[in-house]
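Engineer: Residues per chain are reported as follows:
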Amino acid sequence: MSDVTKQSLSELVKNIKSKKLSSSEVTKAFVERSEKSKELNAYITEDYANALNKAKKFDEKPNLDLKLPGIPMAVKDLFCTRDLRTTAGSKILNNFVPTYESTVTQNIWNEGAILMGKLNCDEFAMGSSNETSFFGNVQNPIDKNLVPGGSSGGSSSAVAAQLTPITIGTDTGGSIRQPASFTGTVGLKPTYGSCSRYGIVAFASSLDQAGPMAQNVKDCALLQEVISTYDEKDSTSIDFKRNEYSKELTKDIKGKKIGIPKEYRVDGMPKEIEDLWKKGIEYAKDCGAEIIDISLPHTNYALPTYYIVAPAEASSNLARYDGVKYGFRAEGKNLIDMYEKTRSEGFGAEVQRRIMIGTYVLSSGYYDAYYLKAQKVRKLIKNDFDDAYKKVDAILTPSTPSSAFKIGEKTNDPVSMYLNDIFTVPVNLAGLPGISIPAGHDAKGYPLGLQIIGKAFDEQNILNIAYAMEEKINFKNNITDWWIK
Amino acid sequence: MSIDLKTIKHISKLSRISVDEKKAEKLAGDLNSIFDFIEKLNELKTDNVEPLTSVAETTLKLRSDEVKSKNLRDQVIKNSPKENEDYFVVPKVIE
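Protein chains in written order, with the working numbering: chain A, 285 to 769; chain B, 12 to 106.
Incorrect hints may have been included.
Said to hold, decoys possible - Straight-line Cα separation of at most 30 Å, DSS-like style, residue types lysine-lysine; simulated pairs:
id	chain 1	residue 1	chain 2	residue 2
1	A	LYS375	B	LYS37
2	B	LYS20	A	LYS555
3	B	LYS20	A	LYS617
4	A	LYS694	B	LYS51
In short, the hints are calculated from the structure, not lab data. All values derive from a computational prediction rather than experimental measurement.
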């Protein structure tokens, strides 16, 4: 089989289980394609030799009952992997080799998957274009000059370019859904508490969630089934009954009530996004869903709220990088000087900016005006969703206010970069699950995504809606392999 | 609102991030545009709203107080930039 890397996860699993393909053949194919694709800069750390060895070992004694039998995959470099460097895209963790494994990645290896390497991302997941990474920007396989989105930009690029059949990312304000939308791939941000945060480099702890990214909805459902477990090592992990998402997946969504929030029609939104949304509504109707107009009145306040809450939590989480216990250290005249130089040289500009914002809003005299205010507005935003879900089962919106933009286009204007996350951020603030599916192209031929937002713990429902709509949309990615010489 | 250079210096000290004049000016510009954007929240009256501290409406689980991982000293020290036997080494603190 020459076109192994073109196969979806579900096809690969089927072919390995039926012994048409070995893990070694599959791993070799993805490793070779990854090696030919260095120009995309999707990887920070490659672990190909180990991956091929593990595949060989798997083939010697294959356990075909596992959910990901001998499947190779690369993961975002925000997940701690035992004995393999984990950088979070930052100079300050350039030499950090974890002595423990994140729960989410451990769940994946327990089901038979094999680690190929660590994927590029914005530094500490702070960014929407992968341009804040210490290891350089990532190219979107759709077009050489386009960003792949962020912060899980290496992940979205690698899945779209078929360097890995599936991957996992993290999503604090849109970091799975926005890059999925920019690359014509599928990305799910699960309910807060669904996937353990243990061993994930922390950004904003009340918002961070790990989630699957894949070529299609079914693969996404299977990976979600593997990674979502209750974990006592994460005090915010929630013990609820998890579905077998891939087995229970159905296209029958007849009678499901889908809400259309009028506040998501933002000023200056390109007509092609509006058109895409309208088309999405028609697809949902074709699938038998009932469309209901709803209101989420505080939508416009979500981004300002996010840019208080997330930096505040980040400034506190990132206090641990002090040049003492691990990571980069700059020499200083005394202890304080060492701290200040280490953090000034070790963190990039965007991370420093957010630490400063966070420190300011938490500082004496400003806490009530900013942080407490933001927590109150966050409550109003969550109440909006609670009210809407009295009337509907899910909500349909565009994933992003535009298609992928050019590398360098927004780097000098932080606020315009932040506006990218306008449709995704409210979902994190309310702790809900959201999935982005590719739904069309703009005039330039770049992919556009639609987002389906669910009730808390209702991943199965939004996966089902996405699965049904995916068939109607019948999206095809235009990728020409331009980077392979 | 306006964040001046004095405030930037103050925040940088609290953040333990050294900034020179040039960087301070750039940061002041960036932070001012971000805070202009954040000020939008003041349009909302929130006097009677309870702050949301966690989206998970569950109480924390209790667990028995027992040691589950031990003898991690080597692992803990493994990634330190500078160590001496079992200690992290930092610049001299006491003269």
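Engineer: Tell me, in ascending order, the numbers of any earlier hints that this structure violates.
Structural biologist: 2
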